[in-house]
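Chemist: Chains as they are written, first to last, in numbering that gives the first Met the number 0: chain D, 0 to 436; chain E, 0 to 436.
Accuracy of the hints is not assured; some may be wrong.
If chains are identical, the list can't say which one is meant, so a pair holds when it fits in one copy or spans any two.
In silico lysine-lysine, PhoX-like type, Cα no more than 25 Å apart, as pairs [as the list claims (entries may be wrong)]: (1) K376 - K431; (2) K420 - K139; (3) K410 - K431; (4) K376 - K413; (5) K410 - K50; (6) K376 - K139; (7) K50 - K413; (8) K410 - K48; (9) K376 - K421.
If you are wondering where the hints come from, they were derived from the structure by calculation, not from laboratory data.
Protein chains: 2
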Amino acid sequence: MTGTTDLIITNGFLMTMDPENNVIENGAVAVVGDTISAVGPMDELACIKAKETIDAAGGIIMPGLINTQTHAAMTLFRGLADDLPLMTWLNDYIFPAEAQLDENKVHVGSMLACAEMILSGTTCFCDMYLFEDAVARATKAAGMRAVVGEVLYDFPSPNYGEIEKGFHYTRQLIDTWRDDPLITIAVEPHSPYLCAPDLLTEAAVMAKDNGLPLVIHLSETRSEVSDIQKKYGATPVGHLADLGILGPNLLACHCVVLSNSDMDLIGQYDVKVSHNPESNMKLAAGVSPVWDMISRNICTGIGTDGCSSNNNLDLFEEMDTAAKLHKANSLDPTVMNATTVLRMATIDGARALGIEDITGSIETGKKADIIVIDTNKPHLTPMYNPASHLVYSVNGSDVYASVVNGQVLMKDRKLMTMDIKKVLADSRQIAKTIVNQ
Amino acid sequence: MTGTTDLIITNGFLMTMDPENNVIENGAVAVVGDTISAVGPMDELACIKAKETIDAAGGIIMPGLINTQTHAAMTLFRGLADDLPLMTWLNDYIFPAEAQLDENKVHVGSMLACAEMILSGTTCFCDMYLFEDAVARATKAAGMRAVVGEVLYDFPSPNYGEIEKGFHYTRQLIDTWRDDPLITIAVEPHSPYLCAPDLLTEAAVMAKDNGLPLVIHLSETRSEVSDIQKKYGATPVGHLADLGILGPNLLACHCVVLSNSDMDLIGQYDVKVSHNPESNMKLAAGVSPVWDMISRNICTGIGTDGCSSNNNLDLFEEMDTAAKLHKANSLDPTVMNATTVLRMATIDGARALGIEDITGSIETGKKADIIVIDTNKPHLTPMYNPASHLVYSVNGSDVYASVVNGQVLMKDRKLMTMDIKKVLADSRQIAKTIVNQ
Numbered sequence: 000m001t002g003t004t005d006l007i008i009t010n011g012f013l014m015t016m017d018p019e020n021n022v023i024e025n026g027a028v029a030v031v032g033d034t035i036s037a038v039g040p041m042d043e044l045a046c047i048k049a050k051e052t053i054d055a056a057g058g059i060i061m062p063g064l065i066n067t068q069t070h071a072a073m074t075l076f077r078g079l080a081d082d083l084p085l086m087t088w089l090n091d092y093i094f095p096a097e098a099q100l101d102e103n104k105v106h107v108g109s110m111l112a113c114a115e116m117i118l119s120g121t122t123c124f125c126d127m128y129l130f131e132d133a134v135a136r137a138t139k140a141a142g143m144r145a146v147v148g149e150v151l152y153d154f155p156s157p158n159y160g161e162i163e164k165g166f167h168y169t170r171q172l173i174d175t176w177r178d179d180p181l182i183t184i185a186v187e188p189h190s191p192y193l194c195a196p197d198l199l200t201e202a203a204v205m206a207k208d209n210g211l212p213l214v215i216h217l218s219e220t221r222s223e224v225s226d227i228q229k230k231y232g233a234t235p236v237g238h239l240a241d242l243g244i245l246g247p248n249l250l251a252c253h254c255v256v257l258s259n260s261d262m263d264l265i266g267q268y269d270v271k272v273s274h275n276p277e278s279n280m281k282l283a284a285g286v287s288p289v290w291d292m293i294s295r296n297i298c299t300g301i302g303t304d305g306c307s308s309n310n311n312l313d314l315f316e317e318m319d320t321a322a323k324l325h326k327a328n329s330l331d332p333t334v335m336n337a338t339t340v341l342r343m344a345t346i347d348g349a350r351a352l353g354i355e356d357i358t359g360s361i362e363t364g365k366k367a368d369i370i371v372i373d374t375n376k377p378h379l380t381p382m383y384n385p386a387s388h389l390v391y392s393v394n395g396s397d398v399y400a401s402v403v404n405g406q407v408l409m410k411d412r413k414l415m416t417m418d419i420k421k422v423l424a425d426s427r428q429i430a431k432t433i434v435n436q
Numbered sequence: 000m001t002g003t004t005d006l007i008i009t010n011g012f013l014m015t016m017d018p019e020n021n022v023i024e025n026g027a028v029a030v031v032g033d034t035i036s037a038v039g040p041m042d043e044l045a046c047i048k049a050k051e052t053i054d055a056a057g058g059i060i061m062p063g064l065i066n067t068q069t070h071a072a073m074t075l076f077r078g079l080a081d082d083l084p085l086m087t088w089l090n091d092y093i094f095p096a097e098a099q100l101d102e103n104k105v106h107v108g109s110m111l112a113c114a115e116m117i118l119s120g121t122t123c124f125c126d127m128y129l130f131e132d133a134v135a136r137a138t139k140a141a142g143m144r145a146v147v148g149e150v151l152y153d154f155p156s157p158n159y160g161e162i163e164k165g166f167h168y169t170r171q172l173i174d175t176w177r178d179d180p181l182i183t184i185a186v187e188p189h190s191p192y193l194c195a196p197d198l199l200t201e202a203a204v205m206a207k208d209n210g211l212p213l214v215i216h217l218s219e220t221r222s223e224v225s226d227i228q229k230k231y232g233a234t235p236v237g238h239l240a241d242l243g244i245l246g247p248n249l250l251a252c253h254c255v256v257l258s259n260s261d262m263d264l265i266g267q268y269d270v271k272v273s274h275n276p277e278s279n280m281k282l283a284a285g286v287s288p289v290w291d292m293i294s295r296n297i298c299t300g301i302g303t304d305g306c307s308s309n310n311n312l313d314l315f316e317e318m319d320t321a322a323k324l325h326k327a328n329s330l331d332p333t334v335m336n337a338t339t340v341l342r343m344a345t346i347d348g349a350r351a352l353g354i355e356d357i358t359g360s361i362e363t364g365k366k367a368d369i370i371v372i373d374t375n376k377p378h379l380t381p382m383y384n385p386a387s388h389l390v391y392s393v394n395g396s397d398v399y400a401s402v403v404n405g406q407v408l409m410k411d412r413k414l415m416t417m418d419i420k421k422v423l424a425d426s427r428q429i430a431k432t433i434v435n436q
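Using the sequences plus the hints, can you model the full thing?
Modeler: Structure follows, in structure tokens:
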């Protein structure tokens with residue numbers, strides 16, 4: 000270990016999520032700059048003097064959670080419309096609201112999302128939306144880690160207009176954010192049903208040429224599968240295979256309606272999957288065959304999707320739902336056990352985003368993306384098994400501290416990197432204009 | 000209105016859950032003693048001077064939530080065993096742990112449950128467990144409202160031993176708690192698979208003779224239905240119909256595996272149902288046809304079941320799951336809308352327990368069982384629709400105040416009626432003895 004220790008987080012059940020799933024009772028983590036410098040029992044790290052100490056007070060220390068699919072600025076539409084047929088929801092509420100967005104509104108909505116995520120223990124997210132430079136700036140200002148990409152589709156975008164300008168915008172994002180310690184740019188065609196084959200191919204080439212993730216919505220609904228089948232004579236997964244764009248850098252979000260051949264292809268090409276159970280339930284898409292994919296060693300993270308189909312960004316609740324949904328669906332209580340689900344929301348999420356070398360677990364040399372859970376509460380007492388608590392009992396409000404890249408973003412429920420009163424006031428102001436449209 | 004006003008709760012979106020589902024923006028509720036004395040817009044109630052004021056600060060004022068099925072003291076086994084086949088879970092973990100219970104342990108576990116429920120906005124619950132006199136005493140000490148009954152079954156109970164003593168114990172409960180303002184005793188045979196026909200009939204007679212609820216687990220799993228069918232030549236619901244014990248005072252918990260004829264019978268006899276979605280998911284029982292039952296006007300409340308199959312008592316999370324699960328299961332996003340689910344967790348829950356005349360809605364003359372939600376938080380901003388927030392975005396930690404029978408049990412997350420440090424310490428001590436059994 001070299002240099003002055005900046006931060007030590009100590010006195011907790013340390014869930015490393017390392018390859019052996021090591022759990023250290025009375026564990027501690029030391030941080031130098033942005034990097035984890037030591038991990039071990041409190042006793043062994045007792046000699047380390049740090050500039051700042053976070054006392055977990057017998058709670059849980061774990062890697063920050065990773066949200067593998069969201070549309071952060073849709074926090075602005077939280078609860079705007081629910082319980083509606085999909086097309087009514089989209090055409091009468093969401094699309095008209097989105098048509099009013101601009102760079103400033105997306106910045107405010109993204110700050111609001113970052114506040115919510117930091118407070119609920121998410122340290123990294125993958126975003127697809129409009130005006131993504133504003134999302135990247137908000138994320139950077141909040142101090143979070145993110146993979147962001149401008150949504151690309153065939154029809155005119157409220158941001159860039161025609162699709163060629165969308166690719167130009169994406170190239171600018173890549174140039175602007177290259178080598179940023181927190182922001183990774185992705186190329187993000189919306190879906191096979193909103194993107195022509197040429198668009199998909201061009202996006203895949205751009206991602207490959209720049210060594211970036213390619214993010215897409217895939218096989219979310221039965222109607223998508225049936226439409227693509229009619230149009231291209233293949234399932235959505237098969238269609239992407241035909242276009243030659245399945246590969247390990249592809250993150251396929253949703254994957255609800257899959258055939259065995261689809262899963263074979265996903266496995267064969269090492270495609271990554273974002274499982275978004277609450278959104279799939281709320282929009283009545285159905286239940287993804289996640290357990291089957293995990294049994295095939297397909298790397299699967301957990302996402303909340305946007306706030307308008309969830310309606311929050313709490314990954315602890317999402318883990319709980321993921322663990323339970325597939326038990327009910329398969330009538331087998333042993334599937335999706337707590338440890339599996341915890342790995343999905345941490346290290347497997349990092350793998351899904353191609354950033355497992357720097358985050359997703361607490362290991363020496365990785366970036367310090369760490370959260371602390373306060374378990375001294377009635378609903379977390381007693382504690383026989385921290386993994387069980389994290390999946391089945393904790394909610395986002397139990398997070399005591401959030402650290403990203405070595406920076407303490409929240410401690411004792413206080414946000415350190417933003418004027419939250421202003422973010423809330425600005426968000427409410429924008430909401431008024433949306434209602435009065 | 001007569002007498003001095005003791006309490007006024009003001010300055011919030013007031014969700015009355017009255018028969019017209021009235022919502023009053025900038026509403027207020029006045030309380031005299033244990034009773035709601037006035038309900039209306041803040042302006043109209045501005046002249047009322049009360050001894051105590053709770054300022055909802057633009058949040059939500061609503062009836063306290065009603066948990067129609069739990070086993071409160073099982074908080075002591077929270078996270079003791081998860082992700083296991085049902086029989087392993089029961090025989091190797093839960094039954095051995097329960098064999099060690101005594102009156103004191105159940106009192107501590109029930110106090111822990113009351114703390115969790117009060118903090119998460121539940122003001123009334125229906126309990127089935129062992130040593131129920133201790134549950135009633137803990138509930139009374141905590142200031143909550145409850146329907147409680149000693150579990151009755153064929154094999155020897157760790158509390159009363161043989162079944163005849165179980166009926167004797169229940170009679171004592173009835174005598175002890177008659178006319179109590181907070182506690183209602185119920186007669187609670189466990190289930191058709193753990194209770195012989197004679198036991199079920201005797202329990203039903205006792206409930207009827209005393210005008211009390213009869214509470215039972217019913218049609219929870221496929222194996223239960225198949226076993227009862229083999230043994231009695233009828234489904235569990237049909238079996239109870241054959242015994243003549245279906246009726247409006249019967250609360251049937253779970254009701255996961257139901258035929259159309261079962262639902263016909265439940266509707267015909269006005270049997271009440273407790274829907275426990277998270278427990279049914281976690282134990283892989285399956286998905287109850289709740290939307291079908293609601294469409295038939297069958298009165299359905301929401302329960303968490305015990306903490307060892309959930310693993311918390313947060314009815315806000317349970318509402319969220321209930322709303323989403325049936326959308327995914329039916330592939331229809333319009334079923335189980337937010338208002339329906341809110342009514343299940345409030346006034347319909349009260350009806351299910353036979354106490355709708357005193358609780359479940361905010362109406363003049365009813366007992367003051369009221370909670371306040373703090374919505375000034377990132378994950379609850381903006382707010383277009385309070386009902387949507389309550390079901391899809393709020394969790395139990397957002398409850399700012401809980402009032403039962405006119406008494407403020409919690410304000411600003413501080414419990415008023417118990418020494419919570421001692422309850423947590425006692426619970427941890429008991430947990431150690433359970434692990435070291």
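Chemist: Against this structure, judge whether each hint is valid.
Modeler: Evaluated hints:
| no. | hint | verdict |
| --- | --- | --- |
| 1 | K376 - K431 | between (37 Å within a copy, 17 Å between copies) |
| 2 | K420 - K139 | within (19 Å within a copy, 40 Å between copies) |
| 3 | K410 - K431 | neither (31 Å within a copy, 30 Å between copies) |
| 4 | K376 - K413 | both (18 Å within a copy, 12 Å between copies) |
| 5 | K410 - K50 | within (15 Å within a copy, 36 Å between copies) |
| 6 | K376 - K139 | between (33 Å within a copy, 21 Å between copies) |
| 7 | K50 - K413 | within (19 Å within a copy, 33 Å between copies) |
| 8 | K410 - K48 | within (20 Å within a copy, 40 Å between copies) |
| 9 | K376 - K421 | between (30 Å within a copy, 12 Å between copies) |
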